[in-house]
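J.: Take the sequences, apply the hints, and build the full model.
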Amino acid sequence: CALTGIVGGLTYSTYKGLPVQSTSIKVAASCAIVGTALFGAERLGYVAMQSQIDSERRILLTSHAFSGFVGGGLNGYLYQKKPLRGMFFFVPIMMGVGFLELAWEQKKQSRIQELKAGGVLVDSTEQARSDVEQ
Numbered sequence: 003c004a005l006t007g008i009v010g011g012l013t014y015s016t017y018k019g020l021p022v023q024s025t026s027i028k029v030a031a032s033c034a035i036v037g038t039a040l041f042g043a044e045r046l047g048y049v050a051m052q053s054q055i056d057s058e059r060r061i062l063l064t065s066h067a068f069s070g071f072v073g074g075g076l077n078g079y080l081y082q083k084k085p086l087r088g089m090f091f092f093v094p095i096m097m098g099v100g101f102l103e104l105a106w107e108q109k110k111q112s113r114i115q116e117l118k119a120g121g122v123l124v125d126s127t128e129q130a131r132s133d134v135e136q
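Add 2 to a position in the sequence shown, counting from 1, and you land on the number used in my numbering.
FYI, nobody ran anything at the bench for these hints, they're computed from the structure.
Computed from a predicted structure; not experimentally measured.
The beta carbon of each residue, even a glycine, is placed where N, CA and C say it ideally should be.
Fair warning: there could be bad hints in the mix.
Listed next, the in silico DSS-like pairs over lysine-lysine satisfying Cα-Cα at most 30 Å (straight line) [unchecked claim]:
| hint | residue 1 | residue 2 |
| --- | --- | --- |
| 1 | Lys-118 | Lys-28 |
| 2 | Lys-28 | Lys-83 |
| 3 | Lys-118 | Lys-18 |
| 4 | Lys-18 | Lys-28 |
| 5 | Lys-18 | Lys-84 |
Derived Cβ-Cβ restraints for the label pairs, each shown as a range [stated by the list, open to error]:
| hint | residue 1 | residue 2 | range |
| --- | --- | --- | --- |
| 6 | Ala-34 | Lys-84 | 13 to 23 Å |
| 7 | Gln-115 | Thr-16 | 44 to 54 Å |
| 8 | Gly-37 | Leu-86 | 17 to 27 Å |
| 9 | Leu-117 | Phe-91 | 16 to 26 Å |
| 10 | Gly-121 | Arg-87 | 47 to 57 Å |
T.: Shown next as structure tokens:
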């Protein structure tokens with residue numbers, strides 16, 4: 003997040019004719035605060051909900067929605083003194099991140115299965131057995 007903030011701050015300060023270094027640092031710090039609030043809340047929600055929910059998919063999506071509410075509320079209050087605006091803005095974004103994580107994991111698992119089926123990827127226990135037999 004901070005790297006994105008630095009690049010965004012450089013671009014913004016150059017466009018507006020503002021001091022480059024101070025603007026970049028301020029934007030980077032702001033991005034880091036927003037990212038920490040959102041993804042910190044997501045991790046806390048994930049850990050708290052593991053014992054409550056059985057489905058990995060539901061835990062992931064619920065923790066991302068939780069982070070949109072909590073992190074979005076904190077960010078909305080911090081920047082605009084209106085937590086509800088932050089919640090409405092960040093809940094859909096964090097849900098989208100959750101769906102992207104699920105899609106990535108599903109794609110990764112399907113690729114592992116393809117490699118195993120094609121004989122390219124061998125399970126570590128099968129590899130250990132064949133090493134012992136030789």
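J.: Confirm or reject each hint.
T.: Structure-based check of all given hints:
{"no.": "1", "hint": "Lys-118 <-> Lys-28", "verdict": "violated, 49 Å"}
{"no.": "2", "hint": "Lys-28 <-> Lys-83", "verdict": "holds, 19 Å"}
{"no.": "3", "hint": "Lys-118 <-> Lys-18", "verdict": "violated, 54 Å"}
{"no.": "4", "hint": "Lys-18 <-> Lys-28", "verdict": "holds, 15 Å"}
{"no.": "5", "hint": "Lys-18 <-> Lys-84", "verdict": "holds, 27 Å"}
{"no.": "6", "hint": "Ala-34 <-> Lys-84: 13 to 23 Å", "verdict": "holds, 22 Å"}
{"no.": "7", "hint": "Gln-115 <-> Thr-16: 44 to 54 Å", "verdict": "holds, 48 Å"}
{"no.": "8", "hint": "Gly-37 <-> Leu-86: 17 to 27 Å", "verdict": "holds, 21 Å"}
{"no.": "9", "hint": "Leu-117 <-> Phe-91: 16 to 26 Å", "verdict": "violated, 40 Å"}
{"no.": "10", "hint": "Gly-121 <-> Arg-87: 47 to 57 Å", "verdict": "holds, 54 Å"}
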